[in-house]
Amino acid sequence: ETGVTQTPRHLVMGMTNKKSLKCEQHLGHNAMYWYKQSAKKPLELMFVYNFKEQTENNSVPSRFSPECPNSSHLFLHLHTLQPEDSALYLCASSQAMKGQYNEKLFFGSGTQLSVL
Amino acid sequence: LAKTTQPISMDSYEGQEVNITCSHNNIATNDYITWYQQFPSQGPRFIIQGYKTKVTNEVASLFIPADRKSSTLSLPRVSLSDTAVYYCLVGDIASGTYKYIFGTGTRLKVLA
Chain S
164 ETGVTQTPRH LVMGMTNKKS LKCEQHLGHN AMYWYKQSAK KPLELMFVYN FKEQTENNSV
224 PSRFSPECPN SSHLFLHLHT LQPEDSALYL CASSQAMKGQ YNEKLFFGSG TQLSVL
Chain Y
281 LAKTTQPISM DSYEGQEVNI TCSHNNIATN DYITWYQQFP SQGPRFIIQG YKTKVTNEVA
341 SLFIPADRKS STLSLPRVSL SDTAVYYCLV GDIASGTYKY IFGTGTRLKV LA
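Read top to bottom, the protein sequences are chains S and Y.
My numbering numbers the first residue of the first sequence as 164 and each following residue consecutively.
My numbering numbers the first residue of the second sequence as 281 and each following residue consecutively.
Honestly, the hints are just simulated from the structure, not real lab data.
Errors might be hidden in some of the hints.
As the list claims (entries may be wrong) - Taking CB as the label site, the calculated pair distances span:
no., chain 1, residue 1, chain 2, residue 2, range
1, Y, Ser359, S, Ser222, 22 to 28 Å
2, Y, Pro345, S, Lys181, 27 to 33 Å
3, Y, Thr384, S, Ser277, 21 to 27 Å
4, Y, Thr384, S, His236, 42 to 48 Å
5, Y, Ser289, S, Ser277, 37 to 43 Å
6, Y, Ser361, S, Ser183, 33 to 39 Å
7, Y, Arg357, S, Ser222, 31 to 37 Å
8, Y, Lys283, S, Ser201, 26 to 32 Å
We put the beta carbon where it would ideally sit given N, CA and C, even for glycine.
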């Protein structure tokens, strides 16, 4: 148990569906991240939130829409996805401190998404 | 942008010591070096972090030479359960945002 909980663990959706992934961290951290990991590929950073403000959007298509209502919760809203979006979606959190660069990322177990 | 280079894969036998070296020629002065372990269908897990010289914890050791352009993760007496992908990370500052970019990692296979 890392203190970062992701739901659901598995999700199957059609290309016309709308679904949301949820992430909750119980560590008191102030930064949260979404990563995508396709089969046999490295993790790709998608979004970064520091203190609830989005500070990074790594050229992610608009069919992925993040939401960070508070520092403990992070959502990824999905709509009109493509089959190539099938992947493991990982949420992480860290304690970001200005001027310090030794943050440790704590990951959830991920949501395995299949788009049919 | 800081970038890391690691061997794609390594094989080892149970009980052996495994050393995985990571190259990070463009590491910035403030960057720490952090290693993560990932099992299939799970999120990466923090193993060890260091800035210079040597760091040791209950799981691994991390050796960092004076120029900090590389680092070596050392796993003592590996077991089958150490089969995983190991990632070396350094911080990456771009556009004023500090973020972590994962490379391809090293796929370690421990054989009986």
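Taking the Cβ atom of Lys283(Y) and the Cβ atom of Ser201(S), is their distance within the range 26 to 32 Å? Hint violated: Cβ distance 20 Å, outside 26 to 32 Å.
Indicate whether the distance between the beta carbons of Pro345(Y) and Lys181(S) respects the range 27 to 33 Å. This hint is violated: roughly 51 Å between Cβ atoms.
Range hint compliance [Cβ, Thr384(Y) to His236(S), 42 to 48 Å]: 31 Å, violated
Distance restraint evaluation - Ser359(Y), Ser222(S), Cβ atoms, bounds 22 to 28 Å: Violated: the Cβ-Cβ distance is about 40 Å, outside 22 to 28 Å.
Is the distance from the Cβ of Ser361(Y) to the Cβ of Ser183(S) consistent with 33 to 39 Å? 34 Å, holds
Using the C-beta atoms of Thr384(Y) and Ser277(S), is the stated range 21 to 27 Å upheld? 24 Å, holds
State, for the Cβ atoms of Ser289(Y) and Ser277(S), whether the hinted interval 37 to 43 Å holds or is violated. At 27 Å between Cβs, range violated.
Honestly, do Arg357(Y) and Ser222(S) meet the 31 to 37 Å range at C-beta? The hint (31 to 37 Å, Cβ to Cβ) is violated, given that Arg357(Y) and Ser222(S) are roughly 43 Å apart.
Going down the numbered hints, you'll see the structure goes against 1, 2, 4, 5, 7, 8, while the others check out.
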